[in-house]
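Below, each chain spelled out in residue letters.
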Amino acid sequence: MVSRKRFALLALALLAASPALARDGLHDFDSEVGTWTIHTKRLMHPLAHANDWVTYDGTKTVIPAWGGRANIAEVREDGAAGHLNFVAIRLYDPTAQQWSLNFMSAGNATFGIPLRGELRNGGIEFIGPDTQNGRSILVRFTSKEENADRASSEQYFSDDGGKTWELNWINTYTRTKGHAQ
Amino acid sequence: MNRFILTLAAFAIASPAFAEPLAPLHDGVHDFDFAAGRFHTHIRRAPDPFGEPNKWVTYDGIKTTRKILDGYGDLETIEADGPSHLQVLNLFFYDKTTHQWNLYFPQGEDMGAPAIGEFHDGVGTFMGQDTYKGRTMLVRQQWTPKGADSYHFEQSFSADFGKTWVSNFIADLVRM
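First to last, the protein sequences are chains Z and D.
The first sequence runs contiguously to residue 181 in this note's numbering.
The second sequence runs contiguously to residue 357 in this note's numbering.
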């Protein structure tokens with residue numbers, strides 16, 4: 001039988017080892033609401049030992065819903081490689097204290113498997129499975145705020161179960177003055 | 182397996198819908214344009230459509246639809262008050278390949294399965310699955326525009342694979 005003191009120590013050790021546990025993330029996206037300019041660097045052929053980076057420029061608009069428990073970011077960008085127009089729908093699960101991240105691009109109507117995430121390593125980090133050229137891969141998407149008006153995000157793919165990650169998408173955001181909320 | 186195929190074949194013979202050619206696809210990307218903007222909504226809801234089909238409660242509020250994705254998507258929110266406060270988020274996406282709209286009604290952190298359909302003869306009909314007391318049911322939504330500034334919405338459940346339908350959510354909307 002574990003003594004009460006020993007149990008308390010065990011619990012403390014567990015807490016210290018799990019910094020992500022029991023944190024209310026409901027307001028994680030409040031500061032993102034508004035209109036931003038976006039600059040994107042995108043690797044056109046991920047996981048192919050390629051180096052064919054292209055750039056896009058445009059806007060990102062973030063609209064809250066459900067009193068903050070959901071929000072929708074719409075990205076519209078143009079570059080030499082074409083036009084990008086998609087939405088990212090973030091929905092909060094108060095029980096799991098995690099967000100789901102669901103992407104949809106214009107003209108499509110079926111969602112893939114959502115990424116799940118929370119605040120970790122000083123930013124919001126999402127992770128989940130996806131497919132690339134028919135192969136199962138892992139996706140990691142991280143976003144960080146530099147200050148109230150500047151933020152960035154990055155996307156990585158892994159085709160070795162998360163041992164190594166290849167960066168394939170870099171976004172930098174600047175808040176558009178006059179639209180901040 | 183053979184018996185399954187035979188059953189399917191019998192069903193196909195018995196069902197005239199299989200014999201009729203599909204109607205040619207029309208470009209339905211603008212079919213939801215009538216619902217864009219801010220509307221007053223008057224809602225009647227049956228909290229227990231199978232248990233107490235005659236018990237209805239009413240709500241009044243505002244429904245807002247914002248076009249997203251160059252018109253290939255709709256972001257719909259409803260805020261209404263009645264016996265409780267209703268706060269609804271719906272997302273509709275037009276599939277340019279199938280020419281159908283997929284309607285999503287997220288619950289919690291889950292986008293859920295869509296109701297799928299299109300407009301014919303002035304009525305949009307969308308079919309999907311929902312649950313009632315844990316059991317899977319068919320759900321049908323019908324959208325009927327009434328001129329440029331109002332429309333009627335009705336949602337029904339079926340517990341017998343579409344033979345009979347029970348309404349549980351009816352809304353009449355007028356542009357503000």
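Don't read these hints as lab results, they were simulated from the structure.
Glycine included, every Cβ here is placed at the ideal spot set by N, Cα and C.
There may be inaccurate statements among the hints.
One side of the interface only, derived from the structure: several residues of chain Z facing chain D at Cβ under 7 Å [claimed, not checked]: (1) Ala106; (2) Ala109; (3) Gly112; (4) Ser136; (5) Leu138.
Hints and how they fare:
no.	hint	verdict
1	Ala106	holds (4 Å)
2	Ala109	holds (4 Å)
3	Gly112	violated (10 Å)
4	Ser136	violated (21 Å)
5	Leu138	violated (19 Å)
Checked against the numbered hints above, the structure violates hints 3, 4, 5; every other hint is satisfied.
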